[in-house]
Amino acid sequence: MDIQTPKGASARPEFKEAVTTSTWQRWMNSDIWHSYKSSPVIIISSLTFLLLVLGAVLSPLISPYTPFDPASLNLMNGFTKPMSANEFTGDYFLLGTDDQGRDVLSTILFGLRISLFVGVVAVLFAMTLGVVLGLLSGYAGGWLDGIIMRIADIQMTFPSIMVAMLLYGIGKGLIPPDLRDEMAIWVLIISIGLSEWVQFARTVRGATMVERQKEYVQAGNLIGLTRWSIMLRHILPNVTGPILVIATISLALAIIAEATLSFLGVGAPKTEPSLGTLINVGRQYILSGEWWILLFPSLTLLALALSVNLFGDWLRDILNPKLR
Amino acid sequence: MTGETPLISARQLGAVFDVSKPWLNRMLALEAKQYLTAVDMVDIDIPKGKTFALVGESGSGKSTIGRMIVGLQKPTSGQVLIDGEDFFAISSEKKKMAMRRRIQMIFQSPYASLNPRWRVRHIIGEPIRAFDLLPASEVDGRVAELLDQVGLAKSDGEKFPHEFSGGQRQRIAIARALASNPEFIVCDEPTSALDVSVQSQVLNLMKSLQRELGLTYLFISHDLSVIRYMADEIGVLYLGRLVEVADRDTLFDKPRHPYTRMLMDAAPHIDAFGRTAEIVKGEIPDPINKPSGCSFHPRCTLTEEICRRDRPEVREFGTEKARVACHLCAD
Numbered sequence: 001m002d003i004q005t006p007k008g009a010s011a012r013p014e015f016k017e018a019v020t021t022s023t024w025q026r027w028m029n030s031d032i033w034h035s036y037k038s039s040p041v042i043i044i045s046s047l048t049f050l051l052l053v054l055g056a057v058l059s060p061l062i063s064p065y066t067p068f069d070p071a072s073l074n075l076m077n078g079f080t081k082p083m084s085a086n087e088f089t090g091d092y093f094l095l096g097t098d099d100q101g102r103d104v105l106s107t108i109l110f111g112l113r114i115s116l117f118v119g120v121v122a123v124l125f126a127m128t129l130g131v132v133l134g135l136l137s138g139y140a141g142g143w144l145d146g147i148i149m150r151i152a153d154i155q156m157t158f159p160s161i162m163v164a165m166l167l168y169g170i171g172k173g174l175i176p177p178d179l180r181d182e183m184a185i186w187v188l189i190i191s192i193g194l195s196e197w198v199q200f201a202r203t204v205r206g207a208t209m210v211e212r213q214k215e216y217v218q219a220g221n222l223i224g225l226t227r228w229s230i231m232l233r234h235i236l237p238n239v240t241g242p243i244l245v246i247a248t249i250s251l252a253l254a255i256i257a258e259a260t261l262s263f264l265g266v267g268a269p270k271t272e273p274s275l276g277t278l279i280n281v282g283r284q285y286i287l288s289g290e291w292w293i294l295l296f297p298s299l300t301l302l303a304l305a306l307s308v309n310l311f312g313d314w315l316r317d318i319l320n321p322k323l324r
Numbered sequence: 001m002t003g004e005t006p007l008i009s010a011r012q013l014g015a016v017f018d019v020s021k022p023w024l025n026r027m028l029a030l031e032a033k034q035y036l037t038a039v040d041m042v043d044i045d046i047p048k049g050k051t052f053a054l055v056g057e058s059g060s061g062k063s064t065i066g067r068m069i070v071g072l073q074k075p076t077s078g079q080v081l082i083d084g085e086d087f088f089a090i091s092s093e094k095k096k097m098a099m100r101r102r103i104q105m106i107f108q109s110p111y112a113s114l115n116p117r118w119r120v121r122h123i124i125g126e127p128i129r130a131f132d133l134l135p136a137s138e139v140d141g142r143v144a145e146l147l148d149q150v151g152l153a154k155s156d157g158e159k160f161p162h163e164f165s166g167g168q169r170q171r172i173a174i175a176r177a178l179a180s181n182p183e184f185i186v187c188d189e190p191t192s193a194l195d196v197s198v199q200s201q202v203l204n205l206m207k208s209l210q211r212e213l214g215l216t217y218l219f220i221s222h223d224l225s226v227i228r229y230m231a232d233e234i235g236v237l238y239l240g241r242l243v244e245v246a247d248r249d250t251l252f253d254k255p256r257h258p259y260t261r262m263l264m265d266a267a268p269h270i271d272a273f274g275r276t277a278e279i280v281k282g283e284i285p286d287p288i289n290k291p292s293g294c295s296f297h298p299r300c301t302l303t304e305e306i307c308r309r310d311r312p313e314v315r316e317f318g319t320e321k322a323r324v325a326c327h328l329c330a331d
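For the record, the sequence lines run as chains A and B.
The opening residue of the first sequence carries number 1 in the numbering used here; numbering runs sequentially from there.
The opening residue of the second sequence carries number 1 in the numbering used here; numbering runs sequentially from there.
Be a bit skeptical, because a hint or two may be false.
[As the list claims (entries may be wrong)] With a Cα cut of at most 30 Å, we get these calculated DSS-like pairs of lysine-lysine:
id, chain 1, residue 1, chain 2, residue 2
1, B, K321, B, K48
2, B, K33, B, K74
3, A, K214, B, K321
4, B, K21, A, K214
5, B, K48, B, K207
6, B, K207, A, K214
If you're looking for bench data, these hints aren't it; they were derived computationally from the structure.
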């Protein structure tokens, strides 16, 4: 018996080239792209999301008015109807104005910016926290796992909005009054982030416990790699699949949580209103007939949350081969 | 034994696992703690450049011995001496790393032993980086050399593990094990997950690498034909105890322990088509509640009173010095 050595280096194509062309082609031929192409709902929702993000990012450039600059406000413009010019000043407002004469479209664009910023940063914060704690919990096991998971269990028994409100209250109490409005956004981010880390931690812990048993981890132990090196370089890349899905769904939850807190008056201040604050303001005028102040911010929030949610659901389905 | 000083020697090696239920359940049910003795007083000596094979049914403690020898698991009793040094007695991290470099392992499943998210050249290069054996610029060259040594192409280094077959993956695992220039490799059932046609290729590769590099192997398997091909000396494990240790020819020509004979009879032979194989009686007993005396007595064909009562000591037989733990075995 002799060793069969499949040496065929000369017959193989130069690998650099093969990799670059095939990555693009693999993507074009992949199930994910195919599923995306053949699902109009996902195309619409991803485009809606993209449009909203662009609107938020570019709001200082594209918004027709600067709604929070008192110098540019004209009280005469108050309560202008949508798609009409004001009868006194002749200024045109696509989505109407509120009681102070602020352009609703502009306030929505700026509010969207704050809502998205809070949502994205809160999810990144929750993700970092949850992934690190989940990895630690799943890899170390024992009492550390016990403590982290019991904290998670206790937190799960309260609705996350309640946790966020509690943390928000504590945060506000710790900050001196003159800094409150400035810090409000960050308090909001931390309280939403802290109320959503559990999902990440649990998922990562479960996946880590599976990976920890695998022999490539033992091979790492064998060459004396440190705990953190094994967790971050070996296990983490293998548990990122579900993290992406949870992050998308958490983003929708975080945006809604932020809107809820702001609607309840404990979130973004009126000087820097998010969509939730705008809805809260609009609520006061719905019975006196100025419906546009409430309706347009609400529709924007709906479109944002729905598109993120639909996209997250699709991502979950496509990344889970069992559901296909 | 051969008389040379062994590279690896295990002395009175024992592994006991605590398999008790959580303390609250135990208190409520008023149960005592439960222990599982996976490895019991095992002595192994492996001379440099030789292959020692461990054979036994699943649950006999083969893999646990392998894990203790490479230092993945601390023995509950006894010690493993590598070139006269006990890994778990070394206190300085630097010396530990030096020891780790000398011992490597090839795992059973080539699917789980390679990180699916890493490119092959990173997988193979990792030990080189971990032990700081070469400057970073020379790692890729060494990886290419290793790939060539195990019969893969240099360009395979850019691929991910899922692009390979089981046999090729096991070659990658072998290349990784060789990357730190080890002297001793534990092979934990390296071919049991492979197709029969690929098995012999991998075994041949391992044999020729042993010759070229002067490697010492501890070869763990349940497949007697694989063991016959690879081993110089063989230890038969039953419920964590070595029941028979002999060199290859002695063991296959003249198996002495009734358990060894039973294993040989049960092995399927391709040349005995139509023959009814002796079926192995019974199953390996619960290692938590081992049978009294000789733990093999419930399945043994010979059993006498003494087997139920006393645990057999290891005795030497014949000019070949086969070591057998059986009361009734006589030359």
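Against the structure, the hints come out as follows:
1. With a C-alpha separation of about 20 Å, the suggested pairing of K321 (chain B) with K48 (chain B) holds against the 30 Å cut-off.
2. The straight-line distance between the Cα atoms of K33 (chain B) and K74 (chain B) is roughly 21 Å, inside the 30 Å bound, and the hint therefore holds.
3. Note on K214 (chain A) and K321 (chain B): the hinted pairing is violated, with a Cα-Cα distance of about 40 Å set against a maximum of 30 Å.
4. In summary, the hint linking K21 (chain B) to K214 (chain A) is supported, as the alpha carbons are separated by about 24 Å, within the 30 Å threshold.
5. Pair hint K48 (chain B) plus K207 (chain B) holds up; C-alpha atoms about 14 Å apart against a cutoff of 30 Å.
6. Of the pairs offered as hints, the one joining K207 (chain B) and K214 (chain A) holds, with about 27 Å between alpha carbons and a cut-off of 30 Å not exceeded.
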